[in-house]
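Single-letter residue listing:
Number of protein chains: 2
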Amino acid sequence: MKATVLVRPKPGILDPQGEAVGSALGHLGFEVRDARVGKVIDLEVEATDAAAAKAQVEQMCERLLANPLIESYEVEIVGESAA
Amino acid sequence: MKATVLVRPKPGILDPQGEAVGSALGHLGFEVRDARVGKVIDLEVEATDAAAAKAQVEQMCERLLANPLIESYEVEIVGESAA
Numbered sequence: 019m020k021a022t023v024l025v026r027p028k029p030g031i032l033d034p035q036g037e038a039v040g041s042a043l044g045h046l047g048f049e050v051r052d053a054r055v056g057k058v059i060d061l062e063v064e065a066t067d068a069a070a071a072k073a074q075v076e077q078m079c080e081r082l083l084a085n086p087l088i089e090s091y092e093v094e095i096v097g098e099s100a101a
Numbered sequence: 019m020k021a022t023v024l025v026r027p028k029p030g031i032l033d034p035q036g037e038a039v040g041s042a043l044g045h046l047g048f049e050v051r052d053a054r055v056g057k058v059i060d061l062e063v064e065a066t067d068a069a070a071a072k073a074q075v076e077q078m079c080e081r082l083l084a085n086p087l088i089e090s091y092e093v094e095i096v097g098e099s100a101a
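Protein chains in written order, with the numbering used here: chain A, 19 to 101; chain B, 19 to 101.
Read the hints as simulated data drawn from the structure, not as lab findings.
As the list makes no split between identical chains, a pair holds if one copy fits it or if it spans any two.
Distance condition first, Cα-Cα at most 27 Å in a straight line; then the derived BS3-like pairs of lysine-lysine:
1. 57 with 20
2. 57 with 28
3. 72 with 57
4. 72 with 28
Sequences and hints are given; from them, build the entire structure.
In structure tokens:
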């Protein structure tokens, strides 16, 4: 099954990359506020159903993909592939 | 208006970060295939309607947020905020 994970800096956590993006967009003439940059991870896991896939990917987030102290994550199971 | 941009390496483009994530997950005992890592950018723009906001953010992608040669992007306008 295909999964998409969004990992974002938590509110209140300093995000230098987001600040750089916001300021660069400003220099290009765009008016933006609150730019924040995180990661999107797409992957494919073996699982019998979507709930099992989601549980497995949440484990991956806790153990590797996100730093739960400063990042929040969102897991979406996108589709089934010969489960 | 709030916008979310997903920037991903195009299919066929080498993604060393994705390979590192896939291999690290393998070492932790997870079975994953095709891990790919991209960016998620959240920002807020001034625009009169969602279509205008989307056009503006697509411009930002072309000019700064993505490298169209090797990355694809997806723009989603998430909500309105005192437009």
